[in-house]
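There are 2 protein chains.
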Amino acid sequence: MSKPRFDVIAIGNALVDVFTSCTDEDISRLGLNRGGMTLLDEARADELYNAMGPTTEKSGGSAANTLAGLAMLGLDCAFIGQVNDDQLGKIFTHDIRSIGIAFETEKLADGPETGRCLIFVTPDGERTMNTFLGAGQVLPAAALDEGMIADAAILYLEGYLWDPEEPRRAMRRAIEVARSAGRKVAFTASESFVIDRHGDDFRRMMDEGLIDILFVNEHELATLTGKSDFEESVAHVSAKVPVLVATRSERGAIAVANGERAEVAAEPIEKVVDTTGAGDQFAAGFLSGHARGAPLEECLKRGAIAAAEVISHYGPRPEADVSAMIAEKLG
Amino acid sequence: MSKPRFDVIAIGNALVDVFTSCTDEDISRLGLNRGGMTLLDEARADELYNAMGPTTEKSGGSAANTLAGLAMLGLDCAFIGQVNDDQLGKIFTHDIRSIGIAFETEKLADGPETGRCLIFVTPDGERTMNTFLGAGQVLPAAALDEGMIADAAILYLEGYLWDPEEPRRAMRRAIEVARSAGRKVAFTASESFVIDRHGDDFRRMMDEGLIDILFVNEHELATLTGKSDFEESVAHVSAKVPVLVATRSERGAIAVANGERAEVAAEPIEKVVDTTGAGDQFAAGFLSGHARGAPLEECLKRGAIAAAEVISHYGPRPEADVSAMIAEKLG
Numbered sequence: 447m448s449k450p451r452f453d454v455i456a457i458g459n460a461l462v463d464v465f466t467s468c469t470d471e472d473i474s475r476l477g478l479n480r481g482g483m484t485l486l487d488e489a490r491a492d493e494l495y496n497a498m499g500p501t502t503e504k505s506g507g508s509a510a511n512t513l514a515g516l517a518m519l520g521l522d523c524a525f526i527g528q529v530n531d532d533q534l535g536k537i538f539t540h541d542i543r544s545i546g547i548a549f550e551t552e553k554l555a556d557g558p559e560t561g562r563c564l565i566f567v568t569p570d571g572e573r574t575m576n577t578f579l580g581a582g583q584v585l586p587a588a589a590l591d592e593g594m595i596a597d598a599a600i601l602y603l604e605g606y607l608w609d610p611e612e613p614r615r616a617m618r619r620a621i622e623v624a625r626s627a628g629r630k631v632a633f634t635a636s637e638s639f640v641i642d643r644h645g646d647d648f649r650r651m652m653d654e655g656l657i658d659i660l661f662v663n664e665h666e667l668a669t670l671t672g673k674s675d676f677e678e679s680v681a682h683v684s685a686k687v688p689v690l691v692a693t694r695s696e697r698g699a700i701a702v703a704n705g706e707r708a709e710v711a712a713e714p715i716e717k718v719v720d721t722t723g724a725g726d727q728f729a730a731g732f733l734s735g736h737a738r739g740a741p742l743e744e745c746l747k748r749g750a751i752a753a754a755e756v757i758s759h760y761g762p763r764p765e766a767d768v769s770a771m772i773a774e775k776l777g
Numbered sequence: 447m448s449k450p451r452f453d454v455i456a457i458g459n460a461l462v463d464v465f466t467s468c469t470d471e472d473i474s475r476l477g478l479n480r481g482g483m484t485l486l487d488e489a490r491a492d493e494l495y496n497a498m499g500p501t502t503e504k505s506g507g508s509a510a511n512t513l514a515g516l517a518m519l520g521l522d523c524a525f526i527g528q529v530n531d532d533q534l535g536k537i538f539t540h541d542i543r544s545i546g547i548a549f550e551t552e553k554l555a556d557g558p559e560t561g562r563c564l565i566f567v568t569p570d571g572e573r574t575m576n577t578f579l580g581a582g583q584v585l586p587a588a589a590l591d592e593g594m595i596a597d598a599a600i601l602y603l604e605g606y607l608w609d610p611e612e613p614r615r616a617m618r619r620a621i622e623v624a625r626s627a628g629r630k631v632a633f634t635a636s637e638s639f640v641i642d643r644h645g646d647d648f649r650r651m652m653d654e655g656l657i658d659i660l661f662v663n664e665h666e667l668a669t670l671t672g673k674s675d676f677e678e679s680v681a682h683v684s685a686k687v688p689v690l691v692a693t694r695s696e697r698g699a700i701a702v703a704n705g706e707r708a709e710v711a712a713e714p715i716e717k718v719v720d721t722t723g724a725g726d727q728f729a730a731g732f733l734s735g736h737a738r739g740a741p742l743e744e745c746l747k748r749g750a751i752a753a754a755e756v757i758s759h760y761g762p763r764p765e766a767d768v769s770a771m772i773a774e775k776l777g
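Quick mapping for you: the protein sequence lines, in order, are chains A and B. Going by my numbering, 637 is the number at position 191 of the first sequence; the sequence numbering is gapless. Going by my numbering, 661 is the number at position 215 of the second sequence; the sequence numbering is gapless.
The set of hints was computed from the structure by calculation and includes no laboratory data. Because the structure is a prediction, the values reported are computed rather than measured.
Identical chains blur together in the list; that is why a pair holds if it fits in one copy or across any two.
Calculated lysine-lysine pairs in the BS3-like style (CA-CA distance at most 30 Å, straight line):
hint	residue 1	residue 2
1	K717	K775
2	K449	K686
3	K449	K630
4	K630	K553
5	K775	K630
6	K553	K536
7	K673	K686
8	K630	K686
9	K630	K673
Let the sequences and hints guide you as you build the complete structure.
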């Protein structure tokens, strides 16, 4: 098998994030799901946008954020996701290509607008996300460039995109393509509600050995296993996936890979400004090591450093030189 | 004369700012006019956007930024400016309305897209602006709500908008409406190139007593008078406008009002992050005092505090509570 052209190819929602700062009272008054991600229809998205203070727009999307982190750490990456041929779609496309990521999914000429995520950030830095998927809901399997998928060492999939039907079918097809080409499949669970709705799918895929690397936080892990005990859940899932990475916010993260276990503490930071992208960048840091065969503990450490950088500023993608930070901390 | 409904109504470019961080080498390589504002046609705007790294979008526009500062300081404000009925136009409209500013100019249904300003910020915090005016070039006099203009204590005009022909005619008409209603006219020179092109207009308006409050920086002042000596220029112009405010970057600012002169030093700040909006927010701080009859020195101090806030973060509009900062510093 020849060396693949890409280190990682990801399929995910192509979203533009719309940030505002708000108070805890705003979260209650607007009836938001504090710290979570809620899907919106267009009417509710408009209503909520009208209730927001002044905003800042930045490209987002969970898997796209992870990929941005990977590209900025020097990996060769490609992205598949659906935007409309509108101004937000142009912004998303510009930003992802500007860091060297191949992104060639054909834009929708009509139909739903490019999706966006309305993000309310409270003074403690917690982000409350409200997503209008827009064009993202209609990513068809026909939009997949199967040649690109077969030519990437790792296929990275976002759980959020498992919820709408058409993208779910596209992702199933992508997994087949990657497996046939002998590639690894990485999956991030994204959010407990996705597991609530599609847990049977995920458990079946794990049983069938279709997932090589699984990223979860502890809540998602509990939802996935139905067990409240963290260690029991880790033992259960790590018996089914070759690499399990479970993040625990300020309590750090653990990984189990083929029987070996490692842990890392959260990196100390001065002030949590905005937690948006913490999990995404943890995954980027981890994969940047894993893709190059780094020891498990180093992979975790890279994840913790990348997560600490992104929560110290507004926005879901790195702004500082994370490579330099990793080089300094790992010596 | 009844108390007007608005403290300030402004006419200006309705732009969305597109920020990126860059190096000094990028500025040279791309042939940019460091620290200045350059107008772009659409082809050059596309070329430059493609050359930018990942971006952040925030509503901007010089007069709109000043108005945002004023509204956030509690003044009743209205804005007139031209956007297209596109996604960037919706963002601009949302942001300005979200802080309580009346903005009712009818959106363009077709024609040029909403304008944007591509802003490159170097490590010293200096901003280099490159503007595609888009819809802003076609603001017709017919778009003016003359009743609103007559119902505002101060009409605030942006020099940038004096350059394209149609908005220039609209602004001339707006001045007539404001003068007939017995209102004051404030004018910000915006940039030396505007004075290079339209200095005769401005000098004639000053001679005719059409400008009550003039905001300039020292370069614009020198261009306006043709005199390199700052004090000579101040004496020359302050004889023609009732209130002259001249800013001098890190050397503070001076104001002369009906023979009285005051000065203020620049506010010390920890780090200049992004100078975008410094002049706009200085004008907001100054006018917030002037509109309420505050002493000249206090007006300048308010300007300096508002400018210091905006250059300590990315973006052209206040993010901290400038009212509280003013209350604390002025005691």
